Structures are given as C-alpha cells and as structure tokens.
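Build the full structure now, drawing on both the sequences and the hints.
Residue numbers (the working numbering), protein chains in the order written: chain Y, 1 to 130; chain V, 131 to 237.
No wet-lab data here; the hints were simulated from the structure.
Since the structure is predicted, the reported quantities are computational estimates derived from the model, not experimental observations.
Yeah, the Cβ is synthetic: ideal placement off N, Cα and C, and Gly gets one too.
Only true hints are included.
The following residues of chain Y were derived to be distant from chain V, with all beta-carbon distances above 10 angstroms:
no., residue
1, V27
2, P46
3, G60
4, V64
5, D84
6, D85
7, V98
Output of the computed footprint for chain Y on chain V, the stretches with three or more beta carbons under 8 angstroms from beta carbons of chain Y:
no., segment
8, 163-173
9, 195-208
With the C-beta cut set under 7 angstroms, the calculated list includes, among others, these residues of chain Y facing chain V:
no., residue
10, V72
11, D74
12, G75
13, I76
14, T101
15, Q102
16, M107
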Amino acid sequence: MKIRLTSVFVDDQAEAQRFYTEILGFVTKHDVPVGERDRWLTVVSPDEPGGTELLLEPAGHPAVKAYRDALVEDGIPLAQFAVDDVNAEYERLRGLGVHFTQEPLEMGPVTTAVFDDTCGNLIQIATEPR
Amino acid sequence: MLAYPVDVADDLFKALADPTRRTILDELAEKSGQTLFEICSRLSMKHQLAISRQAISQHLAVLEAAGLVETRREGRYKFHELNTAPLRRGFERWLGPDTSQPEESTP
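Rendered as structure tokens:
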C-alpha cells in the first residue's frame, strides 16, 4: 500500500491552482473536468514529479465549512509540506503577501511555521528531521 | 485603598497553582499572540508534556478566568495573549504599589 494522493478542500479551484503553483511553486499534474463545474485537479512538487499528488478538492459539501472553520479558529493546519529551510521559505512567502498564523518556531530538531493558503486552509511547513 | 477583591485573587492564585499553566504563561511571555495549535506544539515539542488539546483548552479557560490570558479574534483565527495586569494587582498587597521610583542608592 502506498500514499499516492492526499487532498485539501479549496473554496475555489482556479484560485487554488494559482496559489499552489504560482505562490507555493508546485506544478499541475492532472486537470480533468468532472461534472459541470468541478475539476480533478492535482499538483505535485517539481522536485518529485512522480511523488504524492495533492488533490485540490472543491469544498462544496455542506459539512466542510463547519469542519474547516473550527480548525482554522484554533490554528490547526490541514496539511504539512517539507521544506529545506523554514525561515527562508517564511521570508519568501511573506514577501509574496502570504499571511502566517505561526511564525517559524524551533522545537528541538524540527522548525515549523503555519500559513493561510487563501483557499480556506492553514498549511504547516516543516524542516525534515535530519 | 481597597483590598484586592478576594474572589478575584482566588482565581489568580488558583490559575498560578498549576505547573502546566505556568508553562503556558512562560511561552506566552516569550511570544504573545499564539493560536491554540501553537501553544499545544510548544508544550509537546519544547516541554515534552503529554497533554491533550482539550486539557490545554481547559487550562486556558482557567487562565482567562483569572484575566491572565485574553483572546483576540483576527478574521478566522483566534490568538491568545498574555495580560500581566492581574499579577501586579494581585501582589501589590504585599509589595505595595509600584511607584516606579529609582531605588535609593547606598552610600
């Protein structure tokens, strides 16, 4: 068994595609129309084109809002991405106007930070433990 | 001068009586304005405290009741901030009011 795909709910798929590719730097892997409006839209890291895909899933289900609002209020991220240097990535993203709810925090071997993906979610970035 | 109200003082000293709550105050003193998630991360990763999010929420409620922690809403997020005013008021009865005068120098 392998983890090939994971997902986050997004308010607007077009806006999410822009944020996840132009701001975060992922690349679109699949973009297939599904039904009338929705798309099967996935992105991958340019460093791992064959790696785990992130599905940017429409947040249309009525339960999604309550679920995400409660998590966002408490600052809880819905996904975690690995970066080489959290501080450098924090500066880069902040320069692009990204809003952080948690500044870089060094906790033993791991440094983390949390930002708003503008599509309804908080995302954590973390250095990989060496 | 009126004494500091007893029930308020009870809330203050009850809040301070627990080591986990004092650690939360330590972390908020280091950086005020943290989400619940950040407070949980700091307690588990920096202090190796095995404690549930629900328990931390309850500790924060006790600190809030004592006025030591205040919450601030900013858009969809909620941040916790340290308020040291109750500490000053609570200990003034023994320390006397802080007149912020420089101490007399010894000859």
